[in-house]
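Protein chains: 2
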Amino acid sequence: MSKILVFGHQNPDTDAIASAIGFSYLAKQKFNLNTEAVSLGQSNEETKYALAFFNIELPRVIKSAASEGVDTVILTDHNEFQQSISDINELNIWGVVDHHRIANFTTANPLFFRSEPVGSSSSIVARMFKENQVEIPKEIAGILISAIISDTLLFKSPTTHKTDQTIAQSLAKIAKIDLKTYGLSLLKAGINLTSKSEKELINLDAKTFLLNEKSVRVAQVNTVDINEVLTRQEILEKAMKIENEQNGYSDFILMITDILNSNSEILVAGENNDKIEAAFDVKLKNNHAFLKGVVSRKKQIIPQLTI
Amino acid sequence: MSKILVFGHQNPDTDAIASAIGFSYLAKQKFNLNTEAVSLGQSNEETKYALAFFNIELPRVIKSAASEGVDTVILTDHNEFQQSISDINELNIWGVVDHHRIANFTTANPLFFRSEPVGSSSSIVARMFKENQVEIPKEIAGILISAIISDTLLFKSPTTHKTDQTIAQSLAKIAKIDLKTYGLSLLKAGINLTSKSEKELINLDAKTFLLNEKSVRVAQVNTVDINEVLTRQEILEKAMKIENEQNGYSDFILMITDILNSNSEILVAGENNDKIEAAFDVKLKNNHAFLKGVVSRKKQIIPQLTI
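The listed protein sequences derive, respectively, from chains A and B.
Per numbering that gives the first Met the number 0, the very first residue in the first sequence carries number 0; after that it's consecutive.
Per numbering that gives the first Met the number 0, the very first residue in the second sequence carries number 0; after that it's consecutive.
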């Protein structure tokens, strides 16, 4: 049987990697598919910490399906084509497992598509193991729970669904970890910002959205000290403007998220500051503004910009 | 809690009605939603037969969500906006259960979306009862199994998935019917073509598709005698041309499907006969052609026209 590649979005976060690894394993057991979990970019520090902790190899980074001789793929943790593999338009999509809005996604044939408005794609993958009565190996439970912790900021994000907690608790038993202790270590592993250049920071967890026919880039960095990141504002803005020019983004929005207090500062560069102010009912001062209680790009940034 | 309307596509077939009734019931039990199953058009003869057989009331026909004072909906058996309720662009979509290609569908927020490439949306709904350990009442089992029979032409269509048969067998037990006896009666109830005008025939089960930016109408009628339908060709063609003019379709394709021998004759009216000939590798004679083994619009007509 031909190989099917399974991968999360570009600029993978822990959920993109974990959901691909988890669903690839499940699809082998349940649907008898010849799957391989791969990645569309380097794993970040948090993901590397989780993979190392549970003794899982880093997935291979691939550039296109064609260069792998593959014509069928499975997408996890995304569906929008501009966030996917470069040659997505030429491929068969066997299936999708996701927890984001659906947009810029189209197929010629019916397919497997599973999306739920829950905290992470890995929560859905974990539930599917249960539904299909497939046993979850310890290391798979470990990487899935890492993704749930990462996406929900240890259940503090408003994207958290009540089922995420119960699923995480059952995964914690299989993975043999203490949820809170491991969770805090994992989140801290992701906050090593000082070692990164401004260009790296704004690309660490960045996604492109088509909003009112404009291409808008929204990036997020987690921190325990917003002001520390803001000391680098000037160079960050320069880097954001270069990205806009090189990629045709109308706007670049950087969310600097305080994961301890669950707030974000947004720093913006682009053409539509007035619309951004209106969308969040704030006044930008020196191109940035504080958004109280905002930590979720998906739930608290993108829908507001869509209207 | 505000009411949520649940409905299948325009020109509802049995699966559109059954999946809405089934999922509406399940959503009440499982997600505690205040749902009502409704319909975007009159039920056809086959559906009426099934509803009467299992003693279920015909769902109300509605025109728009706004006129019902409702802002949130659930779609079953379709996702493409042009096949949905008139004001779909202004509504919140809570969820979708479907088994078709995904296209012309977009949301601002994450949602529940469940699609599988199986024979009918009602198969998926039936499986979800099981997954969520909700008991299926006799009449719901009856309408769900009717939809599976209808969509798979009693398991003869190439859209049939192996799980459709096992699900149908377990539903048959709950509904207390003999699958084959009831199935043939149901399919025959849908083939009362002589009593229908040509205009009614071409609208009985018709859907609009955006193919290469053109609006194409594809209708299907089931029969046990293709030639009997073709005796009405002249008036059928006139009616198809009027539909094209009034609705801006570039092409109208009528599938006349022989459900006993599993073949179709297509009768076409429009601008792109050459492309239709190329897509199916046939020569149209007097605007019609025989497609051996073709019975599924979804699997054997639309993908071929998409390339």
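Just so you know, the hints here were simulated from the structure itself, not pulled from any lab data.
All of these numbers come straight from a predicted model, not from anything done at the bench.
One or more of the hints may lead you astray.
The list makes no distinction among identical chains, and a pair is therefore deemed to hold if it is satisfied within one copy or across any two copies.
What the hints assert, rightly or not - Straight line, CA to CA, 20 Å or less: simulated EDC-like cross-link-like pairs of lysine to aspartate or glutamate:
1. K179 with E212
2. K155 with E233
3. K129 with E115
4. K284 with E130
5. K155 with D224
6. K298 with E138
7. K187 with D224
8. K240 with D280
9. K29 with E130
As a check of your reading, is K240 near D280 (CA-CA no more than 20 Å) within one copy, between copies, both or neither? neither (24 Å within a copy, 52 Å between copies)
Reference check for the pair K155 and D224, CA-CA at most 20 Å: within, between, both, or neither? within (17 Å within a copy, 63 Å between copies)
As a check of your reading, is K29 near E130 (CA-CA no more than 20 Å) within one copy, between copies, both or neither? For K29 and E130, both the intra-copy (11 Å) and inter-copy (15 Å) Cα distances are at most 20 Å.
Quick one: K155 to E233, C-alpha cut-off 20 Å, is that within a copy, between copies, both, or neither? neither (31 Å within a copy, 66 Å between copies)
Could you figure out if K187 and D224 sit no more than 20 Å apart (CA to CA) within one copy, between two copies, both or neither? within (12 Å within a copy, 71 Å between copies)
Please sort K179 with E212 into within, between, both or neither, judging by C-alpha distance up to 20 Å. This pair counts as neither: shortest intra-copy Cα distance 42 Å, inter-copy 52 Å.
Is it within, between, both, or neither for K129 and E115, if the alpha carbons may be no more than 20 Å apart? So K129 and E115 pass the 20 Å test inside a copy (16 Å) and across (18 Å) alike.
Classify it for me, K298 with E138: is the Cα-Cα distance of at most 20 Å met within a copy, between copies, both or neither? Classified as neither; 30 Å inside a copy, 39 Å across copies.
Please work out whether the CA atoms of K284 and E130 approach to 20 Å or closer within one copy, between two copies, in both situations, or in neither? Close neither inside one copy (50 Å) nor across copies (51 Å); limit 20 Å.
Consistency note: the structure conflicts with the earlier hints numbered 1, 2, 4, 6 and 8.
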